[in-house]
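Number of protein chains: 2
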Amino acid sequence: MIVVKIGGGVGTGFDNLLRDMAGRKDVILVHGGSDFLNKLSDDMGVPPRFVTSPSGHTSRVTDEATLDLIRMAYAGSVNKGLVERLRKEGVNALGLSGIDGGLLRGKRKGSIRIVENGRVRILHGDHTGTVEEVNTSLLDLLLKGGYVPVITIPIEATDGGGLNADADRVAAAIASAVKADDLLLLTNKPGLLKDVKDDNSLIRSVAEHDIDQAMDIAEGRMKKKVLAAREALEGGVKRVVISNANAQRPIESALNGEGTVIC
Amino acid sequence: MIVVKIGGGVGTGFDNLLRDMAGRKDVILVHGGSDFLNKLSDDMGVPPRFVTSPSGHTSRVTDEATLDLIRMAYAGSVNKGLVERLRKEGVNALGLSGIDGGLLRGKRKGSIRIVENGRVRILHGDHTGTVEEVNTSLLDLLLKGGYVPVITIPIEATDGGGLNADADRVAAAIASAVKADDLLLLTNKPGLLKDVKDDNSLIRSVAEHDIDQAMDIAEGRMKKKVLAAREALEGGVKRVVISNANAQRPIESALNGEGTVIC
Chain F
-3 MIVVKIGGGV GTGFDNLLRD MAGRKDVILV HGGSDFLNKL SDDMGVPPRF
47 VTSPSGHTSR VTDEATLDLI RMAYAGSVNK GLVERLRKEG VNALGLSGID
97 GGLLRGKRKG SIRIVENGRV RILHGDHTGT VEEVNTSLLD LLLKGGYVPV
147 ITIPIEATDG GGLNADADRV AAAIASAVKA DDLLLLTNKP GLLKDVKDDN
197 SLIRSVAEHD IDQAMDIAEG RMKKKVLAAR EALEGGVKRV VISNANAQRP
247 IESALNGEGT VIC
Chain H
-3 MIVVKIGGGV GTGFDNLLRD MAGRKDVILV HGGSDFLNKL SDDMGVPPRF
47 VTSPSGHTSR VTDEATLDLI RMAYAGSVNK GLVERLRKEG VNALGLSGID
97 GGLLRGKRKG SIRIVENGRV RILHGDHTGT VEEVNTSLLD LLLKGGYVPV
147 ITIPIEATDG GGLNADADRV AAAIASAVKA DDLLLLTNKP GLLKDVKDDN
197 SLIRSVAEHD IDQAMDIAEG RMKKKVLAAR EALEGGVKRV VISNANAQRP
247 IESALNGEGT VIC
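Chains as they are written, first to last, in this note's numbering: chain F, -3 to 259; chain H, -3 to 259.
Don't read these hints as lab results, they were simulated from the structure. A few of these clues could be false.
Because identical chains cannot be distinguished in the list, a pair is counted as satisfied if it fits within a single copy or across any two copies.
[Unchecked claim] When the alpha-carbon atoms are kept at most 30 Å apart in a straight line, the in silico DSSO-like pairs for lysine-lysine are as follows:
| # | residue 1 | residue 2 |
| --- | --- | --- |
| 1 | Lys103 | Lys35 |
| 2 | Lys103 | Lys84 |
| 3 | Lys103 | Lys193 |
| 4 | Lys190 | Lys84 |
| 5 | Lys190 | Lys21 |
| 6 | Lys84 | Lys105 |
| 7 | Lys220 | Lys103 |
| 8 | Lys21 | Lys140 |
| 9 | Lys140 | Lys175 |
| 10 | Lys190 | Lys140 |
| 11 | Lys140 | Lys234 |
| 12 | Lys21 | Lys175 |
| 13 | Lys190 | Lys105 |
| 14 | Lys103 | Lys190 |
Next comes chain F alone, as it looks inside the complex (with noise of 0.2 Å):
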């Protein structure tokens, strides 16, 4: 079983990467959407506003109205269209939010702590959270009955409703449910680099007691890729690899070693 997190990208990107995923079975697809999500919140004149915490992670206020956002975003427009375009290319795709099911469960975290103008304050009534429970049992029924699950956010929040969470971290989640051998975490970088600007800079391995070392180079949405292959290697995944989702065949490429591999 493979565990394969892409983005969000919209429009006709990812070509190469869906028609890697046909005719391959014990795949899981993990998407993100934040890319559409912006657009769709400018769209709608409820710009994002983006907190950084205390350890350095930049994440997304989520209020209510950013909430629904999230649902029509990731699990309306991205992940419905995902699902059209791999079942064009005869894969049995089914689309499933974290809430679907209960599949993926975690604690509401309430408030969180984060760092405006050099202080650390308080952020009251923020819908987001972490998976700390997977209803394999769902992702067991739906892989023998011929299903490839496609998944995305929101997640469930344990007291109800929904919640945000990171889409690398909520693979890692799913990947240690079904001890996945590899999670594969697909991007628009090479890997992880030690110049973020030079695509030459590729990382080709990291051990797994040098990850807090390559959390200190990783920059922006990186920082959660390693995060996430952290807590996926932690959970029992064997191998996780950052690669490029435009390559010839992304999956391939990646199950090959192309990338950054963590292990």
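Starting from the known structure of chain F, fit chain H onto it as the hints suggest.
Showing chain H alone in chain F's frame:
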């Protein structure tokens, strides 16, 4: 087995209905979302466009942009919002669009005949269709797994991609395919009214052979409900009830024959 169709009413509507779902087994829920879609279209600066067929049915023009708004409104916001709320009531709800797992498939109409300024003309490139195949094995799999399917559009075109379809007729197709005893079409009216402005003019019963007459009486959206009722009865459903979604216990009431019973 019963199939319950509800509108896509936003916000806190349907509290009674969702509470009445609690504890029920063997229910498939189908929902609309046109009010939310209209609002979203306006917010996005893409006002909806409606056309009238020569037989007097009103329908939405569905270009590619509108189809994406349908993914967002129906499969995103309304579907996931309903699933969240049902799960809070203890219902093990799982949301699906007709795309997912090829649940609902139908031929793309391609072109439709419309009446404009009193003249009939052909409109091309419309992403609409009607359900011709229901993946009942997927519904069986989920029902046997203990999940309550919450179903909406888009449906899948037999030549690939998503299509808009009328949700009442979608519900009729599902009810026929699963050989439901009852199809309950819940709405904001007490049922089919002789005079649409007089809630006391309820028609309590329509025999199958009098359905043409009922079609003549029905106005606006109610026309689609009567058409859906006819299709369901032709498909082998025993009884269709058009009933009030705002009753204290809407499902119970409809099953007790409150509203317009068609059989």
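Now the hints, each set against the structure:
Proximity of Lys103 and Lys35 under a CA criterion of 30 Å is satisfied intra-copy only: 28 Å inside one chain copy versus 32 Å between copies. Only between protomers do Lys103 and Lys84 lie at most 30 Å apart by alpha-carbon distance; the minimum there is 15 Å, versus 37 Å within a single protomer. With identical chains, the CA atoms of Lys103 and Lys193 are never at most 30 Å apart, being 37 Å at best within one copy and 49 Å at best between copies. Proximity of Lys190 to Lys84 under the C-alpha cut-off of 30 Å is found in neither arrangement, the shortest distances being 38 Å within a copy and 46 Å between copies.
Neither within a single protomer nor between protomers do Lys190 and Lys21 lie at most 30 Å apart by alpha-carbon distance, with minima of 34 Å and 56 Å respectively. Only between protomers do Lys84 and Lys105 lie at most 30 Å apart by alpha-carbon distance; the minimum there is 18 Å, versus 39 Å within a single protomer. Within a single copy, Lys220 and Lys103 get their C-alpha atoms as close as 19 Å, which meets the 30 Å cut-off; across copies the closest is 43 Å, which misses it. Taking the closest pair of Cα atoms, Lys21 and Lys140 come within 30 Å of each other both inside a single copy (10 Å) and across two copies (23 Å).
Taking the shortest Cα distances, Lys140 and Lys175 sit within 30 Å of each other both inside one copy (16 Å) and across copies (25 Å). In this assembly of identical chains, Lys190 and Lys140 lie within 30 Å of each other by CA distance neither inside one copy nor across copies; the values are 42 Å within and 51 Å between. For a Cα distance limit of 30 Å, the shortest separation of Lys140 from Lys234 inside one copy, 23 Å, qualifies, whereas the shortest one across copies, 33 Å, does not. In this assembly of identical chains, the alpha carbons of Lys21 and Lys175 lie at most 30 Å apart only when taken from the same copy (16 Å versus 32 Å across copies).
In the homo-oligomer, the alpha carbons of Lys190 and Lys105 never lie at most 30 Å apart, since the shortest distance is 33 Å inside one protomer and 53 Å across protomers. Proximity of Lys103 and Lys190 under a CA criterion of 30 Å is satisfied in neither setting, with 35 Å inside one chain copy and 52 Å between copies.
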